[in-house]
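Peer 1: What follows is the residue order along each chain.
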Amino acid sequence: MIRFLSRRLLWMAITFLLVSLVSFTLMHSVKGGPFSKERKLDPAILANMEAAYHLDWPIWKQYLHYMGPLNLGDEGWFGKGEQKGSDPFTGVLVGDFGPSFRYQDFTVNDIIGQSLPISALLGVVAMMWALALGVSAGIASALRRGSGLDLSMRLAATGGIALPNFVIAGFLVILFVFLIPLLPVAGWGTLKHMLLPGFCLGLGFAAYISRLTRTGMLEVLSQDHIRTAHAKGLAPRTVVMRHALKGGLLPVVSYLGPATAGVLTGSLVLERIFNIPGMGSHFVNAATNRDYTLAMGVTLLYTVLVYSLNAVVDLAYTLLDPRIRLEDQ
Amino acid sequence: MSFSTLSPTARAGLGLTLLAVLLGGALALARGARLEPADFTFNNGTEVQSLDPAKVTGVPEGRVIRCLYEGLVIKDPKDLSPVPGVAKSWDISEDKKTYTFHLRDNASWSNGDPVTAQDFEWSMKRMLDPETAAEYAYQLWYVKGAKAYTTEVYPEGHERSGKAKNDPETVAIHALDDHTLRIELENPTPFFLELMGFYPVFPVNRRALEEAQRKWPTTWETRWQAPGNHVGNGPWKLKSRRINDRIQLVKNEHYWDADNVAFNTMDILAIENSTTGANVYLTGGCDFLDKVDASVVAQLMPREDFDPQPYQGLYFYRVNTTKPPFDDARVRLALSLTLPRELICKYVTKMGQVPAWSLVPPMGDYYTAAQADRGATDGTPEANLEQNIQRAKALLAEAGYGPNGKPFPPFEIHYNTLEAHKLIAEAIMDAWKRHLGISVKLRNEEWKVYLDTQTNLRYDVSRAAWIGDYMDPNTFVDLFVTGGDNNKTGWGNPEYDALVHGAVSEPDPAKRLDMLHRAEQILMDDLPILPIYYYVTQNMVAPRLGGFYSNPQDEHFPKFWYWMDDEELAQKRAAYPADGGHNLVDPHGPAAGLYSPAAQRRRAAQ
Chain A
1123 MIRFLSRRLL WMAITFLLVS LVSFTLMHSV KGGPFSKERK LDPAILANME
1173 AAYHLDWPIW KQYLHYMGPL NLGDEGWFGK GEQKGSDPFT GVLVGDFGPS
1223 FRYQDFTVND IIGQSLPISA LLGVVAMMWA LALGVSAGIA SALRRGSGLD
1273 LSMRLAATGG IALPNFVIAG FLVILFVFLI PLLPVAGWGT LKHMLLPGFC
1323 LGLGFAAYIS RLTRTGMLEV LSQDHIRTAH AKGLAPRTVV MRHALKGGLL
1373 PVVSYLGPAT AGVLTGSLVL ERIFNIPGMG SHFVNAATNR DYTLAMGVTL
1423 LYTVLVYSLN AVVDLAYTLL DPRIRLEDQ
Chain B
2 MSFSTLSPTA RAGLGLTLLA VLLGGALALA RGARLEPADF TFNNGTEVQS
52 LDPAKVTGVP EGRVIRCLYE GLVIKDPKDL SPVPGVAKSW DISEDKKTYT
102 FHLRDNASWS NGDPVTAQDF EWSMKRMLDP ETAAEYAYQL WYVKGAKAYT
152 TEVYPEGHER SGKAKNDPET VAIHALDDHT LRIELENPTP FFLELMGFYP
202 VFPVNRRALE EAQRKWPTTW ETRWQAPGNH VGNGPWKLKS RRINDRIQLV
252 KNEHYWDADN VAFNTMDILA IENSTTGANV YLTGGCDFLD KVDASVVAQL
302 MPREDFDPQP YQGLYFYRVN TTKPPFDDAR VRLALSLTLP RELICKYVTK
352 MGQVPAWSLV PPMGDYYTAA QADRGATDGT PEANLEQNIQ RAKALLAEAG
402 YGPNGKPFPP FEIHYNTLEA HKLIAEAIMD AWKRHLGISV KLRNEEWKVY
452 LDTQTNLRYD VSRAAWIGDY MDPNTFVDLF VTGGDNNKTG WGNPEYDALV
502 HGAVSEPDPA KRLDMLHRAE QILMDDLPIL PIYYYVTQNM VAPRLGGFYS
552 NPQDEHFPKF WYWMDDEELA QKRAAYPADG GHNLVDPHGP AAGLYSPAAQ
602 RRRAAQ
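Respectively, the protein sequence lines represent chains A and B. Numbering of the first sequence is given in our numbering, commencing with residue 1123 and proceeding in unit increments. Numbering of the second sequence is given in our numbering, commencing with residue 2 and proceeding in unit increments.
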């Protein structure tokens, strides 16, 4: 397991560096900068602002300055000449993502610190909805294969995958806020605030999970050890819960990694609709604002998150399926 | 080791524990974030860039900063004329170039320190300092020595070549004593007092800033405006802030006029999606918002809480005058004559926007805008249109295009990606195609790319808008001087430039306005821009809110706000015109009203 983890860690480091290099270059090559506005700035003022953020440096030097704890100055190649403006951050490699270009009262670390827990919480609620709905619908479908129940579940699942979550959100807001005033329309703070966005976010994943569960269960249910269990006279309920479910859920587990990453990143539109101060909105806003440090910060953070989540899923696999060993991979 | 060696019970236990931790964490976080409703909540439309007055430029930023800070003057909420703020009075010299402000002696910071003339001197110079890198530094360039301080660097060959000269003493802002501030200007500037009520020149607390610099030498800029460290001199102070969610304010008991402030707590939301904003308003989650989605306007117009009013903004198209066929003024006039302004206002924007034929929006009696050629106006609309189409075709033919000349080259209308701009562009494209038989396409670009395209003149016709900074035609006319940063049309006219520059130093106000009017007439005769409509406000305001006024700059001042009681609300409602636009809705706010301590005493005395 140590070997598995260290190999994963090494690959993560390499990916991290590549992602940082590529996204840094791409971002700086897009037209328009953080200070381009409808009202064009006086060149002298623009120069002052760019100098304050070192945007007047060559791109490679900006990258080094961004990544590492290096003491780079204005003069020469790496010179420690007098610095224009303040030099407020030390570099990503020591865990400092720098000040945000757009939200000047926050460092990127502050912003992530405030918004990541909110996105994570929304993600947890969404995954709970997704698992509860998806797994139970999947099992029911598998057990009543070909019945009307199975058909309607599968129809609902297809609908859930096909309908964008913001469409569903619109309907639910009309239903549960305006027609039956049960839930708040937007905002964040209490469990009530989380139910609607969590449900909308989880629904697409629930649909997918139900199909995976159904397929997995059908495969397991046709196997010999299930027949044996039935033959031993075990109650059908016990057979399903104890013997079939474990194997039947394997495809779901492998899907959980990407699903969790998807829940964290896919909340973008819902965050706007329900005005949730999470990470998703920063993804797009940072890019449109040309908030270089914030855009880099969220990109790198997600790189690490997705990588780690996949590693966790691989570990969880061994928990459910004794046939799989980490050493085998 | 493998997890499979764990017993089933242990595994189940592990799973359950994990779930419990997640759910517990979720609930703990949720409880921590529960909020008491504030006396007043409004939606600011976006997350503000900063609370530092010197660092920001937007309208939403201004709204928050006016709650947290106060300048030498503040503006009357009805007509925006300058009224005493921290300065209780001021003298203006005979030549209108020296302003002396007398500060009140009871103005203090939220930490109890007195607000002094030195605070203003230091803050304004900090704003101008190239190290501060303030975007709005140029707002103070009317002050003697100010522009040089922001922009001048040592020349080539000097040992400090390229470095800022950085001598604050050269800026003509001086505290004569603790309560007297003298500012000398380059030229008589009729709107200078108004400028002193504009938030970039508001004071910041030097002690708080320097203490933050000591405590956090490298990250003070992101720390000193945070709750706990923030020190202001406005009616409210900062209680908490969560990015993209809300800013919470509580009343500043050290504010000199705290007796006249009604709301003890105020929440400022950052909802960007206008549909969500409207939903929050309709369910009572906020009491004021400044924009609504065009798609719901028809439903909102009959309500008493939605009453659009004209304000100082122009929606227009820039024309790239460096590129044939648009370098020909006859072509531009033909396009202008057939631009369906009335149609756009009536069927696309739908909020009562006014068709525009000038650069400068109406400014009441203060200034009469110069008009572009409207073509035929005295017949029926159909007859006028027909006449204008014939004239436009004749103009194009004169310019060498049409049946007997070259075909008109196909071109593009360029706009930033937004549904509202697209609908307007489609209406115009359709009109030009139908009336003039020319081929027009649409091209949209993401905001910053769009700006880049516009600046570098890589467009044919491009959508634009301008909101006046102050109540004077100069804020519009100044845009189109030759090579101006915000010209972006390639157009230039020496006579125009001479008039605009001459107006700056013209001491006679009437003559000055006449010069600006003549300049505007040159622009409107030549049409490097096609005016489309003047803006209207889109405020939704809770009916019970008092102290809120529509004004030409759509600037609002929470300091004067209060909740009316039922009696006052009934009086207000009795005065509504019977125009079907004032259907009663939920008034928000407490039935007993919420008045400032001073107002409460006045009411009790009656």
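Because the hints were derived from the structure by calculation, they are not lab data. Quick caveat: nothing in here was measured; it's all calculated off a predicted structure. It is possible that part of the hints are untrue.
Using 27 Å as the maximum straight-line C-alpha spacing, the simulated DSSO-like pairs for lysine-lysine come out as follows [to be verified]:
{"id": "1", "chain 1": "A", "residue 1": "1159", "chain 2": "B", "residue 2": "126"}
{"id": "2", "chain 1": "B", "residue 1": "89", "chain 2": "B", "residue 2": "79"}
{"id": "3", "chain 1": "B", "residue 1": "145", "chain 2": "B", "residue 2": "126"}
{"id": "4", "chain 1": "B", "residue 1": "126", "chain 2": "A", "residue 2": "1162"}
{"id": "5", "chain 1": "B", "residue 1": "166", "chain 2": "A", "residue 2": "1162"}
{"id": "6", "chain 1": "B", "residue 1": "423", "chain 2": "A", "residue 2": "1159"}
{"id": "7", "chain 1": "B", "residue 1": "98", "chain 2": "B", "residue 2": "145"}
{"id": "8", "chain 1": "A", "residue 1": "1314", "chain 2": "B", "residue 2": "98"}
{"id": "9", "chain 1": "B", "residue 1": "240", "chain 2": "B", "residue 2": "252"}
{"id": "10", "chain 1": "B", "residue 1": "324", "chain 2": "B", "residue 2": "347"}
{"id": "11", "chain 1": "A", "residue 1": "1162", "chain 2": "B", "residue 2": "324"}
{"id": "12", "chain 1": "B", "residue 1": "292", "chain 2": "A", "residue 2": "1159"}
{"id": "13", "chain 1": "B", "residue 1": "351", "chain 2": "B", "residue 2": "407"}
{"id": "14", "chain 1": "A", "residue 1": "1183", "chain 2": "A", "residue 2": "1159"}
{"id": "15", "chain 1": "B", "residue 1": "166", "chain 2": "B", "residue 2": "240"}
{"id": "16", "chain 1": "B", "residue 1": "292", "chain 2": "A", "residue 2": "1162"}
{"id": "17", "chain 1": "B", "residue 1": "394", "chain 2": "B", "residue 2": "324"}
{"id": "18", "chain 1": "B", "residue 1": "240", "chain 2": "B", "residue 2": "324"}
{"id": "19", "chain 1": "B", "residue 1": "148", "chain 2": "A", "residue 2": "1162"}
{"id": "20", "chain 1": "B", "residue 1": "292", "chain 2": "B", "residue 2": "423"}
{"id": "21", "chain 1": "A", "residue 1": "1183", "chain 2": "B", "residue 2": "164"}
{"id": "22", "chain 1": "A", "residue 1": "1159", "chain 2": "B", "residue 2": "324"}
{"id": "23", "chain 1": "A", "residue 1": "1162", "chain 2": "B", "residue 2": "240"}
{"id": "24", "chain 1": "B", "residue 1": "347", "chain 2": "B", "residue 2": "394"}
{"id": "25", "chain 1": "B", "residue 1": "442", "chain 2": "A", "residue 2": "1153"}
{"id": "26", "chain 1": "A", "residue 1": "1159", "chain 2": "B", "residue 2": "164"}
{"id": "27", "chain 1": "B", "residue 1": "324", "chain 2": "B", "residue 2": "351"}
{"id": "28", "chain 1": "B", "residue 1": "442", "chain 2": "B", "residue 2": "394"}
{"id": "29", "chain 1": "B", "residue 1": "252", "chain 2": "A", "residue 2": "1159"}
{"id": "30", "chain 1": "B", "residue 1": "240", "chain 2": "A", "residue 2": "1159"}
{"id": "31", "chain 1": "A", "residue 1": "1153", "chain 2": "B", "residue 2": "324"}
{"id": "32", "chain 1": "B", "residue 1": "98", "chain 2": "B", "residue 2": "164"}
{"id": "33", "chain 1": "A", "residue 1": "1162", "chain 2": "B", "residue 2": "145"}
{"id": "34", "chain 1": "B", "residue 1": "407", "chain 2": "B", "residue 2": "442"}
{"id": "35", "chain 1": "B", "residue 1": "423", "chain 2": "A", "residue 2": "1153"}
{"id": "36", "chain 1": "B", "residue 1": "252", "chain 2": "B", "residue 2": "347"}
{"id": "37", "chain 1": "B", "residue 1": "79", "chain 2": "B", "residue 2": "216"}
{"id": "38", "chain 1": "A", "residue 1": "1162", "chain 2": "B", "residue 2": "164"}
{"id": "39", "chain 1": "B", "residue 1": "166", "chain 2": "B", "residue 2": "145"}
Peer 1: Taking the hints in turn, state whether each one holds.
Peer 2: A quick look at each hint next to the structure:
In summary, the hint linking residue 1159 of chain A to residue 126 of chain B is supported, as the alpha carbons are separated by about 24 Å, within the 27 Å threshold. Among the hinted pairs, residue 89 of chain B with residue 79 of chain B is consistent with the structure: their alpha-carbon atoms are about 20 Å apart, no more than 27 Å. For the hint pairing residue 145 of chain B with residue 126 of chain B, the CA-to-CA distance comes to about 12 Å; that is within 27 Å, so the pair holds. For the proposed pair residue 126 of chain B and residue 1162 of chain A, the alpha carbon gap of about 22 Å is at most 27 Å, so the pair holds.
With a C-alpha separation of about 24 Å, the suggested pair residue 166 of chain B and residue 1162 of chain A falls inside the 27 Å cut-off, and the hint holds. Annotation: proposed proximity of residue 423 of chain B to residue 1159 of chain A holds, straight-line Cα distance about 21 Å (limit 27 Å). Taking the CA atoms of residue 98 of chain B and residue 145 of chain B, the gap is about 9 Å. The hint holds against a cut of 27 Å. Only pairs whose Cα atoms come within 27 Å are accepted, and residue 1314 of chain A paired with residue 98 of chain B is rejected, the gap being roughly 60 Å.
Distance check on the hinted pair: residue 240 of chain B and residue 252 of chain B sit about 10 Å apart at the alpha-carbon level, within 27 Å; holds. Restraint check for residue 324 of chain B and residue 347 of chain B: the C-alpha separation of about 32 Å exceeds 27 Å, so the hint is violated. Distance hint between residue 1162 of chain A and residue 324 of chain B is fulfilled; the C-alpha atoms sit about 22 Å from each other, no more than 27 Å. Distance restraint check for residue 292 of chain B and residue 1159 of chain A: the Cα-Cα separation of roughly 21 Å lies within the 27 Å cut-off, and the hinted pair is therefore satisfied.
Between residue 351 of chain B and residue 407 of chain B the alpha-carbon distance is near 38 Å, which puts this suggested pair outside the 27 Å criterion. Only pairs whose Cα atoms come within 27 Å are accepted, and residue 1183 of chain A paired with residue 1159 of chain A is accepted, the gap being roughly 26 Å. Restraint check for residue 166 of chain B and residue 240 of chain B: not satisfied, since their Cα atoms lie roughly 39 Å apart, outside the 27 Å limit. Taken as a hint, the residue 292 of chain B and residue 1162 of chain A pair is honoured in the structure, with Cα atoms around 25 Å apart against an allowance of 27 Å.
At roughly 20 Å between alpha-carbon atoms, residue 394 of chain B and residue 324 of chain B fall within 27 Å of each other, so this suggested pair holds. Of the pairs offered as hints, the one joining residue 240 of chain B and residue 324 of chain B is violated, with about 54 Å between alpha carbons and a cut-off of 27 Å exceeded. Of the supplied pair hints, the one linking residue 148 of chain B and residue 1162 of chain A holds, its CA atoms being roughly 17 Å apart against a limit of 27 Å. Only pairs whose Cα atoms come within 27 Å are accepted, and residue 292 of chain B paired with residue 423 of chain B is accepted, the gap being roughly 18 Å.
Proximity of residue 1183 of chain A to residue 164 of chain B is assessed by CA-CA distance (about 20 Å); at most 27 Å being required, the pair is judged to hold. Of the pairs offered as hints, the one joining residue 1159 of chain A and residue 324 of chain B holds, with about 24 Å between alpha carbons and a cut-off of 27 Å not exceeded. Distance hint between residue 1162 of chain A and residue 240 of chain B is unfulfilled; the C-alpha atoms sit about 34 Å from each other, more than 27 Å. With a CA separation close to 25 Å, the supplied pair residue 347 of chain B and residue 394 of chain B stays within the 27 Å bound.
Of the pairs offered as hints, the one joining residue 442 of chain B and residue 1153 of chain A holds, with about 23 Å between alpha carbons and a cut-off of 27 Å not exceeded. With a C-alpha separation of about 26 Å, the suggested pair residue 1159 of chain A and residue 164 of chain B falls inside the 27 Å cut-off, and the hint holds. Restraint check: the Cα-Cα separation between residue 324 of chain B and residue 351 of chain B comes to about 34 Å, which exceeds 27 Å; the hinted pair is violated. Distance hint between residue 442 of chain B and residue 394 of chain B is fulfilled; the C-alpha atoms sit about 20 Å from each other, no more than 27 Å.
For the hint linking residue 252 of chain B to residue 1159 of chain A, the alpha-carbon distance of about 34 Å lies beyond 27 Å, and the restraint is violated. With a C-alpha separation of about 31 Å, the suggested pairing of residue 240 of chain B with residue 1159 of chain A is violated against the 27 Å cut-off. Proximity of residue 1153 of chain A to residue 324 of chain B is assessed by CA-CA distance (about 23 Å); at most 27 Å being required, the pair is judged to hold. The suggested pairing of residue 98 of chain B with residue 164 of chain B is violated, with an alpha-carbon distance near 31 Å, which exceeds 27 Å.
With a CA separation close to 23 Å, the supplied pair residue 1162 of chain A and residue 145 of chain B stays within the 27 Å bound. A threshold of 27 Å between alpha carbons decides the hint, and for residue 407 of chain B with residue 442 of chain B the separation of about 19 Å falls inside it, so the pair holds. A distance of roughly 22 Å separates the Cα atoms of residue 423 of chain B and residue 1153 of chain A; the hinted pair therefore holds under the 27 Å criterion. Restraint check: the Cα-Cα separation between residue 252 of chain B and residue 347 of chain B comes to about 44 Å, which exceeds 27 Å; the hinted pair is violated.
For the proposed pair residue 79 of chain B and residue 216 of chain B, the alpha carbon gap of about 43 Å is over 27 Å, so the pair is violated. A threshold of 27 Å between alpha carbons decides the hint, and for residue 1162 of chain A with residue 164 of chain B the separation of about 23 Å falls inside it, so the pair holds. With a C-alpha separation of about 16 Å, the suggested pairing of residue 166 of chain B with residue 145 of chain B holds against the 27 Å cut-off.
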